[in-house]
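Line by line, the protein sequences give chains S and Y.
Going by my numbering, the first residue of the first sequence is number 1, and it counts up by one from there.
Going by my numbering, the first residue of the second sequence is number 1, and it counts up by one from there.
The hints are simulated quantities; they were obtained by calculation from the structure and are not laboratory data.
As the structure is a prediction and not an experimental result, all values here were calculated from the model.
Heads up, a few of these hints could be off.
[To be verified] Derived Cβ-Cβ restraints for the label pairs, each shown as a range: (1) ALA143/Y x ARG299/S: 15 to 23 angstroms; (2) GLU127/Y x ARG299/S: 35 to 43 angstroms; (3) GLU66/Y x PRO237/S: 54 to 62 angstroms.
[Stated by the list, open to error] Listed next, the stretches of chain Y that the computed footprint assigns to chain S, with coverage defined by at least 3 CB atoms under 8 angstroms from CB atoms of chain S: (4) 187 to 197; (5) 209 to 216; (6) 231 to 245; (7) 250 to 264.
Just so you know, even glycine gets a beta-carbon here, dropped at the ideal spot from N, CA and C.
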Amino acid sequence: MSTALLQVEGLTKGFAVRSSNGRTGRLQALRGVSFTLDRGETLGIVGESGSGKSTLARSVLRLIEPDGGTIRFDGTDVRALSGRARADFNRRAQMVFQDLYSSLNPRMTVRAALAEAIGVHRLRPRAAVADRIAELLDLVRLPQQAADRYPRDFSGGQRQRIGIARALAVEPDCLIADEIVSALDVSIQAQIINLLLELQDRLGLAILFISHDLRIVRHISHRVAVMYLGEIVETGPAEAVFAAPYHPYTQALLAAAPTLDPQRRGRQEALRGELPSPIDLAPGCSFSGRCPHVMERCRTMPPMLIPQESTRSVRCHLTEHSSPAEL
Amino acid sequence: MTENLLEVHGLRTEFHSGGRRFAAVDGIDFAVRPGEILGIVGESGSGKSATLRSILGLIKPPGRVEGQILWRGQDIQGLAPAALRRIRGAEIAMIFQDPTSALNPVLTIGQQIRESLAAHTDLSATERQRRAIELLDLVGIPAAARRLDDYPYQFSGGIRQRAMIAIALAAKPALLLADEPTTALDVTIQDQIIKLILRLAAELRMSVILVTHDLGVVAESCDRVAVMYAGRIMETAPVASLFQTPRHAYTLGLLQSIPQGRAPRTPLPSIPGVPPRPGDVTKGCGFAPRCSFAEPECRSGRPEARRMAPHHLTWCRRADALPEPA
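Generate the whole structure from the sequences, applying the supplied hints.
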């Protein structure tokens, strides 16, 4: 068995917050998250606001320092890295953000931004930088003239291509993509998804693809992890999880996502109630307050992430007794 | 024969940008029947939101609106503000994508509903208080009487959207204009709000124009749909007809670029190129520059409407050449 490129175990992260009634409390954004990501694999992380998926992305890269847990990248303990080794990890695992306006310097041409990324890690002799930039633009299917333009000259989809080119400039092994197509128009989303699939194929990238859009996550991912209030509640191969979800929350998410089928107009709402306050979580299952199948022990005893079949895991007391819902 | 509640003829909405005039809405016609839910779907810059704002008279100079907007047969386009006020907010109400900016942060929800009731009804103060509780209850806010004294910041995004709907309903409007009302919400909350709007429309016999970028939302909530691109309507049809047999190259392209029912991790049939920027002028069909079915004539003159079925109109010259959606 080959070891995974990225292995995350029991990751926790909390923030001190002040609630609307003035009390201070602790928001536990990650409550023990574990997953693995192989080379050439896409793991989709799906969840709604408050699920902790963006905190997870930032914690894995140590853009914010996690409180606990381990992160191993290619066998080494990322949380113990410093100096050169840390810089090397920063090169090999690259983040692509949703909002390219804020992550691209508006005064830098595309050429300058790419040259800077290449230069920081001294990846090419100076004479070879221009060729590398041309190659990167080809890779993300931008015309060569794009090199001398500024971020404001591009549409949203083109800016996202620039963001991907900048991430690829340092020859990473892993991309962490946080909602990178969410702000784009539908016709442009498809272009970027196709580009990611193609790049992964050519470069063997591992991709952690974070999104709230189930259709896109399903299409692009080999495996998925569904998050709710800082925990993974279900994980497994994408097709298996979406075709027959075990967890009532996964079932509700799927039922709530609009499809292109007018016949579904008459159906009931998929899930009642709202996300509970993440500051004072009740004991037991964090979904118990909204779960249509809640049982007595769900309110008192937190369920564990239990393996199902050979490749799936579910955090739900119910699954001990039932098979996945055929949606 | 039912009379149309709203009829829009030759609507053209112009804005100024960088010293140039451009048409965000470029000559569109549509109608809404009583009780009908009409979806207007389009990507950014298609003119869908400008259409709603034009109906309500929210376009401020130097922006300019031309064309006829018939409300129950009366042209309200260019009406004096006082006369327009009797219709706007009373017979036609609007809800927005971002309730935070539409709600007054320093007034309680109760105050804002009572204010709307005072402006549009003859109810006494006591009756307004009672009605405000009823309205919060109607939109599914739990413990309505207690929440009346809360401020908008004390609500979650979903509850704020419900509160904004309650304020819009205060005057019993016959038409609700909903501008991307669920775009900022999580999918399970979006689902609740869409279901709420459908229930209210049926119970109150209210028509709705739902503006959205999400074809899934249209499929699961609208009776009829108009697809907009570059300020024009490309195709309009009953929802079932549009999703089964799209008759515009743009609609077909949009539907195919959505990853639903496709083999996982295979390339999606995407639409090449980028949407036009404001002020980009095309002589022919607005979609022709990105259309893989376009012929020379598509780039030269504006297409005429073609009737493909009794209620199915398209502005696509190549409608007959389009394949069935895969």
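What are the numbers of the hints that this structure violates, sorted from low to high? none
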